[in-house]
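Colleague: Next come the chains, spelled out residue by residue.
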Amino acid sequence: MTKKQNDSITWETFNEGLWRENPVFVMLLGMCPVLAVTNSAINALAMGLATTFVLLASGTLISLLRHSIPKQVRIATYIVIIATFVTIVDYTIQAISLDLYNALGAFIQLIVVNCMILGRAESYASRNRPLKSIINATGMGIGFTFALLCLGVVREILGAGSLFGIDLFGPRFEPWVVMILPAGGFLVLGTWLLLFEWLNLKKSAGRSIL
Amino acid sequence: MATESLSFIFLNAVLANNFVLALFLGLCPFLGVSGKINTALPMGLATMFVMLVSSICAYLINMVLVAFDIEFLRLIAYIAVIASAVQLVEMALKKFSPRLFRSLGIFLPLITTNCAILGLALFQTFKEYNFLQSLVYAIGAGTGFILAILLMAGLREKLELSTMPSITQGAAVSLMLGGLLSLSFMGFAGLGG
Numbered sequence: 001m002t003k004k005q006n007d008s009i010t011w012e013t014f015n016e017g018l019w020r021e022n023p024v025f026v027m028l029l030g031m032c033p034v035l036a037v038t039n040s041a042i043n044a045l046a047m048g049l050a051t052t053f054v055l056l057a058s059g060t061l062i063s064l065l066r067h068s069i070p071k072q073v074r075i076a077t078y079i080v081i082i083a084t085f086v087t088i089v090d091y092t093i094q095a096i097s098l099d100l101y102n103a104l105g106a107f108i109q110l111i112v113v114n115c116m117i118l119g120r121a122e123s124y125a126s127r128n129r130p131l132k133s134i135i136n137a138t139g140m141g142i143g144f145t146f147a148l149l150c151l152g153v154v155r156e157i158l159g160a161g162s163l164f165g166i167d168l169f170g171p172r173f174e175p176w177v178v179m180i181l182p183a184g185g186f187l188v189l190g191t192w193l194l195l196f197e198w199l200n201l202k203k204s205a206g207r208s209i210l
Numbered sequence: 001m002a003t004e005s006l007s008f009i010f011l012n013a014v015l016a017n018n019f020v021l022a023l024f025l026g027l028c029p030f031l032g033v034s035g036k037i038n039t040a041l042p043m044g045l046a047t048m049f050v051m052l053v054s055s056i057c058a059y060l061i062n063m064v065l066v067a068f069d070i071e072f073l074r075l076i077a078y079i080a081v082i083a084s085a086v087q088l089v090e091m092a093l094k095k096f097s098p099r100l101f102r103s104l105g106i107f108l109p110l111i112t113t114n115c116a117i118l119g120l121a122l123f124q125t126f127k128e129y130n131f132l133q134s135l136v137y138a139i140g141a142g143t144g145f146i147l148a149i150l151l152m153a154g155l156r157e158k159l160e161l162s163t164m165p166s167i168t169q170g171a172a173v174s175l176m177l178g179g180l181l182s183l184s185f186m187g188f189a190g191l192g193g
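The listed protein sequences derive, respectively, from chains C and G.
Note that our numbering gives residue 123 to position 123 of the first sequence, counting from 1, and the numbers run on in steps of one.
Note that our numbering gives residue 58 to position 58 of the second sequence, counting from 1, and the numbers run on in steps of one.
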């Protein structure tokens, strides 16, 4: 691979995070917020956007500073940069909506230890130009938000009979309370993984016949 | 100042609000290192040790931060302490048990990004526990983590011996197991608050 090829920005740069290496469904990174805050669609969306912002901002800064960060202390530097942006998000959400802040609880601050963000900083932002990192981080962020929404929507519809707070089935619907409890998070994510595995198997089986 | 008794805090952290199965903290090692009991136990012990050290440090640091009115630096200060504590454990393990050090591999430095540890430090600050309560809370959370990861490892060792459809091999079945474990831990919910 030449340097020139490495630098080019393609659809793949963006799509990598969105689908092929989706952080949740394929890489299984950052599972804690994925399971903990997806008991309603609105929480899932807020968490996804907050994480995307931190991913973008830290990715950009690390990519800009990639030549001036010494190799030995890079992880510590990354963590401090990420922690700074998480503090900003934390105070911003607190200022915008206290309800949302209370619903997400400590998990906003726990974005710091989301392995996905540190992983991207180490494996992508520190090696690529800022523009490329930004595009990749956007794809990753959208992929993460998409995965959170997948879980949040299913859990809210089944567990509370509503979507984004709007009642769907009327008063005669008996909610599956287990879905908004911790156990439901594991079960729903497991089911989504099964579905994707099944789709992949079908796809590869189809290819081998052709 | 929280007034909960020490035994309540301990039981609450181990069973009713188990860090892994009820609060979803520390899932990466829970899913990643729970393949065998032989590696799950040392991983649990290392995590518990880091929890203890960082809980003590976090308590002292919070006192300083509050005294100088600079609480917005809390997150950065905590994460720096945790990273140092993990480094300490890593050096100790490398010296005393190189074999174990190798078998834990990448998951040892990843304790830094284990949300259970930062979560513990943050929760004890939110709940305004005093020094002794924080200590008991850390021990309880560590015990809860060991319990969860050992149960999971035991189940997965049994699973190795059984035949499964090829579609369920991999992460999906681990998550399903986690769901069932979590469901059974819900039975303890009445114990805590």
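In case anyone wonders, no lab produced these hints; they're calculated from the structure.
Given the structure is predicted, the values throughout are model-derived calculations rather than measurements.
Every residue, glycine too, gets a C-beta built ideally from N, C-alpha and C.
It is possible that part of the hints are untrue.
[As the list claims (entries may be wrong)] Derived DSSO-like pairs (lysine-lysine); straight-line CA-CA distance at most 30 Å:
(1) Lys127(G) - Lys36(G)
(2) Lys36(G) - Lys94(G)
(3) Lys95(G) - Lys36(G)
(4) Lys94(G) - Lys71(C)
(5) Lys202(C) - Lys158(G)
(6) Lys95(G) - Lys71(C)
[What the hints assert, rightly or not] Have a look at the derived ranges for each label pair, beta carbon to beta carbon:
(7) Met91(G) - Leu100(C): 38 to 44 Å
(8) Ala92(G) - Leu199(C): 41 to 47 Å
(9) Leu49(C) - Leu60(G): 32 to 38 Å
(10) Arg99(G) - Ser97(C): 30 to 36 Å
(11) Val66(G) - Leu195(C): 44 to 50 Å
(12) Phe169(C) - Gln87(G): 19 to 25 Å
(13) Val64(G) - Ile69(C): 34 to 40 Å
(14) Ile69(C) - Leu73(G): 19 to 25 Å
(15) Leu159(G) - His67(C): 32 to 38 Å
(16) Val64(G) - Lys202(C): 57 to 63 Å
(17) Pro165(G) - Phe169(C): 42 to 48 Å
(18) Val66(G) - Glu21(C): 39 to 45 Å
Colleague: Look at each hint and say if it fits the structure.
Modeller: Each hint, compared with the structure:
As the CA atoms of Lys127(G) and Lys36(G) are separated by approximately 35 Å, the hinted pair breaks the 30 Å bound. The suggested pairing of Lys36(G) with Lys94(G) holds, with an alpha-carbon distance near 21 Å, which does not exceed 30 Å. Of the supplied pair hints, the one linking Lys95(G) and Lys36(G) holds, its CA atoms being roughly 23 Å apart against a limit of 30 Å. For the suggested pair Lys94(G) and Lys71(C), the alpha carbons sit about 22 Å apart, so the restraint of at most 30 Å is met.
Restraint check: the Cα-Cα separation between Lys202(C) and Lys158(G) comes to about 29 Å, which is no more than 30 Å; the hinted pair holds. Restraint check: the Cα-Cα separation between Lys95(G) and Lys71(C) comes to about 24 Å, which is no more than 30 Å; the hinted pair holds. The hinted range of 38 to 44 Å is satisfied by Met91(G) and Leu100(C), whose Cβ atoms lie roughly 42 Å apart. At roughly 46 Å, the beta-carbon separation of Ala92(G) and Leu199(C) lies within the given 41 to 47 Å, and the hint holds.
For the pair Leu49(C) and Leu60(G), the supplied restraint of 32 to 38 Å holds, since their beta-carbon distance comes to about 35 Å. Taking the beta carbon of each, Arg99(G) and Ser97(C) are about 51 Å apart, not inside 30 to 36 Å as hinted. One distance hint, 44 to 50 Å for the beta-carbon pair Val66(G) and Leu195(C), holds here, with the actual separation near 48 Å. Our hint of 19 to 25 Å for Phe169(C) and Gln87(G) is violated, since their Cβ atoms are close to 53 Å apart.
Between Val64(G) and Ile69(C), the C-beta spacing of about 28 Å breaks the proposed range 34 to 40 Å. Remark: the range hint 19 to 25 Å for Ile69(C) to Leu73(G) is upheld by a beta-carbon distance near 21 Å. With their beta carbons about 48 Å apart, Leu159(G) and His67(C) fall outside the hinted range of 32 to 38 Å. A beta carbon spacing of about 58 Å between Val64(G) and Lys202(C) agrees with the range 57 to 63 Å that was offered as a hint.
Taking the beta carbon of each, Pro165(G) and Phe169(C) are about 33 Å apart, not inside 42 to 48 Å as hinted. Take Val66(G) and Glu21(C): their Cβ atoms lie about 42 Å apart, and the range 39 to 45 Å holds.
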